[in-house]
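First to last, the sequence lines map onto chains A and B. Note that the numbering used here has the first sequence beginning at 1, numbered continuously upward. Note that the numbering used here has the second sequence beginning at 440, numbered continuously upward.
Please note: incorrect hints may appear among the correct ones.
[As the list claims (entries may be wrong)] Derived pair list, reagent style DMTMM-like, types lysine to aspartate or glutamate, alpha-carbon separation capped at 25 Å:
no. : chain 1 : residue 1 : chain 2 : residue 2
1   : A       : Lys222    : B       : Asp509
2   : A       : Lys106    : B       : Asp494
3   : A       : Lys222    : B       : Asp529
4   : A       : Lys341    : B       : Asp494
5   : A       : Lys106    : A       : Asp80
6   : A       : Lys341    : B       : Asp448
7   : B       : Lys573    : B       : Glu524
8   : A       : Lys341    : B       : Asp507
9   : A       : Lys222    : B       : Asp494
10  : A       : Lys222    : B       : Asp501
11  : A       : Lys341    : A       : Asp160
12  : A       : Lys222    : B       : Asp507
Rather than coming from a laboratory, the hints here were simulated on the basis of the structure.
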Amino acid sequence: MTIELQRPVDDPIVVDDLESLSFRVDRRAYTDEDVAAQEMARIFDRCWLYLGHESEVPEPGSYVSRDVGGRPVVMSRGSDGAIRVFANSCTHRGALICSQPAGQAKSFRCPYHDWTFSNQGELVGVPIPDGYGPGFRKADFGLAQHRSDSYRGFVFVTFDPEQPRTLTEYLAGATEYLDMIDDQSEVGMEVIQGAQLHGAQANWKLMMENSVDIYHFRALHKRYVSYMQSLGSVPPRRRGGFGAALGLGHGANELPPAAARPLAHWTPMFGPEVRPQIEATAARFVERFGAERAERITGTNRALLIFPNLLIIDAIAITIRKIDPIGADRMAITSVALAPKDEAPEIRELRKSHYLTFLGPAGFATPDDIEIVESCQRGYGNRTVRYSDLSRGMNKEIPETTDELPAREFWRQWDRLMHGDDGHFEVAHQVELQGAEKQ
Amino acid sequence: MTSALIVDDAVQVRLWHRVSQFLFREARLLDEWRLTEWYDEMLTDDIRYVVPATDVRGESADALGLIDDDAARLHQRIEQLLNGEVWCEDPRSRTNRMISNVEILADQGSHLEVAANVVAYRFGHGRSDAYVGKYRFELVPEGESFRIRRRVVVLDHETLYEHGKLSIVL
């Protein structure tokens, strides 16, 4: 199916000028309801989308129900132990077959007429069956199953039966970053109970940009920086770190930590009691992975953007943040914390405590992010100013974390998909360098 | 009607009145941004201020919530709110905390367990939001008044999709 963009081809939204090293985005991208509707068709109906973590359905019969890409779905671990993703809609007349956000079930019963489906999706019960003719076969009315797959515990789904890439192909260079998350425990990672369900009255892409934007940190998050300093945390003297484009719209920033990390990076803010065990954990990582990779896993902060709407921020704690558009000017944000299953209770408490200090709707940083993206959205109301600029770092061989390379990688893939083109596997930065060399 | 019952009621009513007045004063100090006074005069040194997540509403010790402040972090929170570092509360939002259904659940000797309902309206930066929840307090008697040792606000919202953030003290 082809959907025509409602604009002339010579009036592009993304203006990527490698000659003058300028990168601009027309603010219609954030405000136009027509663009928002096309994003659903061209991006959310086609890409692999993050759904949840395997630890959220730990046992046969475990399920979660949530919305992904605007569609209600159920992720169910069947009695056979396999994870499947179903449309949360009865095949009879369409009601949700699961209204609980999470739980344990052998079967799902539609409350409308009591049609009953097993946790593997088969239709197993139809009341008063003699109302149907001989051509009615229960096998034809199983729950609609979506194509799903998982990588290192992260479960994704795609609503495009013709999605040409396997999940691993789709994740491109992001797999390395997911490895560095899942490698943090020898027995597996788990989502901590208690989700932060909030949102913003702003376009969803603003939060994608914000989450991989380190440039704003010292300006917008002064209060968090002062709080960390009050705990004795000393920001690194040199800036360090780098931004990376990982292909197919994914990007990341890696930087030296400004504070402790509960996994295996001790600083005085954690107190002397936990020092020996955190340092023992760090030593174990060196044993498992060698000094260099261990340092990258345990001693580096990372913000990972997986196109289109997943963010994994591994810093003072790990947060998985899923952003869902609601029209052009609203979004829903679902944040959960991920941690090693075998984490010691006192370290888990430190992790949770510091997670709350920074993150979530009442943390010392996220509320200002929410307010600033809403402020941008209000600013776009003045249509005289047509473009936003995202060109920082286009002139550099190794972009810094305060540059905007991950955001450009996002926008370039966005632009390709909005033009119905998903064949490219370009790493944005290489393209930029070619442009810079021409100068 | 016995006179004993009247006397008992009078004691209960006076206690309930003192507790209610205390909670109303707290709401007023918070609404007037007199956060230092609130912190210094109405809380114990071992105050705990907790807002659980909206999906896991009970106080499951293993769950992550929205706020879990000890005295130090709560002090930091109000310092930030007062010194202009909190961008989303500058200019300061206008708030109105409506307290009702004040009930003394138990007298534990060392403290009273008190429940109340709250609707906190917040207006600022072009937005208007209402936070609806249930207060659970531990009030430690001090002279004719109290100090709060534990302050839990269980939000009734399913999500904070509309609010986005929780930048005020509820």
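These are the hints, each one checked on the structure:
no.	hint	verdict
1	Lys222/A x Asp509/B	holds, 21 Å
2	Lys106/A x Asp494/B	holds, 23 Å
3	Lys222/A x Asp529/B	holds, 13 Å
4	Lys341/A x Asp494/B	holds, 21 Å
5	Lys106/A x Asp80/A	holds, 11 Å
6	Lys341/A x Asp448/B	violated, 54 Å
7	Lys573/B x Glu524/B	violated, 29 Å
8	Lys341/A x Asp507/B	holds, 22 Å
9	Lys222/A x Asp494/B	violated, 30 Å
10	Lys222/A x Asp501/B	violated, 30 Å
11	Lys341/A x Asp160/A	violated, 33 Å
12	Lys222/A x Asp507/B	holds, 21 Å
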